[in-house]
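Here the structure of chain C is known, so what remains is to put chain F in place on it, guided by the hints.
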Amino acid sequence: GAVVSQHPSRVICKSGTSVKIECRSLDFQATTMFWYRQFPKKSLMLMATSNEGSKATYEQGVEKDKFLINHASLTLSTLTVTSAHPEDSSFYICSARDPRAPDTQYFGPGTRLTVL
Amino acid sequence: QQQVKQSPQSLIVQKGGISIINCAYENTAFDYFPWYQQFPGKGPALLIAIRPDVSEKKEGRFTISFNKSAKQFSLHIMDSQPGDSATYFCAASGARGQFYFGTGTSLTVIP
Numbered sequence: 001g002a003v004v005s006q007h008p009s010r011v012i013c014k015s016g017t018s019v020k021i022e023c024r025s026l027d028f029q030a031t032t033m034f035w036y037r038q039f040p041k042k043s044l045m046l047m048a049t050s051n052e053g054s055k056a057t058y059e060q061g062v063e064k065d066k067f068l069i070n071h072a073s074l075t076l077s078t079l080t081v082t083s084a085h086p087e088d089s090s091f092y093i094c095s096a097r098d099p100r101a102p103d104t105q106y107f108g109p110g111t112r113l114t115v116l
Numbered sequence: 117q118q119q120v121k122q123s124p125q126s127l128i129v130q131k132g133g134i135s136i137i138n139c140a141y142e143n144t145a146f147d148y149f150p151w152y153q154q155f156p157g158k159g160p161a162l163l164i165a166i167r168p169d170v171s172e173k174k175e176g177r178f179t180i181s182f183n184k185s186a187k188q189f190s191l192h193i194m195d196s197q198p199g200d201s202a203t204y205f206c207a208a209s210g211a212r213g214q215f216y217f218g219t220g221t222s223l224t225v226i227p
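If you read the protein sequences in the order shown, they are chains C and F.
Per the working numbering, residue 1 is the first one in the first sequence, and the count goes up by one each step.
Per the working numbering, residue 117 is the first one in the second sequence, and the count goes up by one each step.
Looking at chain C on its own, in the form it has when it is part of the complex (with noise of 0.2 angstroms):
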């Protein structure tokens, strides 16, 4: 099946500082990345669609100059968490569509970012 990588897979950082999350797909060609936003025992929340080479698309609610998205290249997608604050701490999941499936999402294992 396909594969979806994050780096890191954990980050720690102060308040105020900002934050990168990169998200690849691994072995085919992803034109279509989404990001998520997880709370212990919670749900997904859909933040953003990210489409190469175009500017993400956010969910109502998400704000786009905290999260920063970037899909410059058709196997990488970053989420930038700009200016962090605790209540940005989160489990942060990206997917990407591939072609050959192209109903389906596969998605990364995640990132766990804490805010002190």
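The reader is advised that the hints may include incorrect statements.
Computed beta-carbon distance windows for the label pairs [unchecked claim]:
{"#": "1", "chain 1": "C", "residue 1": "100", "chain 2": "F", "residue 2": "168", "range": "21 to 27 angstroms"}
{"#": "2", "chain 1": "C", "residue 1": "16", "chain 2": "F", "residue 2": "222", "range": "33 to 39 angstroms"}
{"#": "3", "chain 1": "F", "residue 1": "183", "chain 2": "C", "residue 2": "12", "range": "43 to 49 angstroms"}
{"#": "4", "chain 1": "C", "residue 1": "18", "chain 2": "F", "residue 2": "201", "range": "33 to 39 angstroms"}
So, partial list: chain C residues that the calculated Cβ filter (under 10 angstroms) puts toward chain F [stated by the list, open to error]:
{"#": "5", "residue": "12"}
{"#": "6", "residue": "15"}
{"#": "7", "residue": "45"}
{"#": "8", "residue": "91"}
{"#": "9", "residue": "108"}
By construction, these hints were calculated from the structure, which means they are not laboratory data.
Where is the CB? At the ideal position from N, CA and C, for every residue including glycine.
Same frame as chain C, but now just chain F:
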């Protein structure tokens, strides 16, 4: 607004039993309904998926039943095993291919 409602929130099943998780949706534009399994600290993994033109799909021990008129679908896990203990999410896919997830069901299979 929760686009996809899922129940129960938690489920305990004896080994060998059948686990049943239910989901309901409102948006008739949804056209793809996957189920994902998630272990703690990991990303979700696709289990099985269905389109609304089919009423049932079976893959191994996993079966999706789909009722288009009621806008409901369910996951049945036959012969449940302790290794099936995980959180299960249903989802529905919108026009842009974005997924809206249910609230999740924590399944525990006791030996």
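For each hint, the structure was consulted:
1. C:100 <-> F:168: 21 to 27 angstroms: Between residue 100 of chain C and residue 168 of chain F, where Cβ atoms are some 22 angstroms apart, the hint holds.
2. C:16 <-> F:222: 33 to 39 angstroms: With Cβ atoms ~35 angstroms apart, the hint holds.
3. F:183 <-> C:12: 43 to 49 angstroms: 46 angstroms, holds
4. C:18 <-> F:201: 33 to 39 angstroms: 37 angstroms, holds
5. 12: 15 angstroms, violated
6. 15: Violated, about 24 angstroms.
7. 45: 8 angstroms, holds
8. 91: 8 angstroms, holds
9. 108: Given a least distance of 5 angstroms, the restraint on residue 108 of chain C holds.
Figure legend: structure checked against the earlier numbered hints; hints not met, in rising order: 5, 6.
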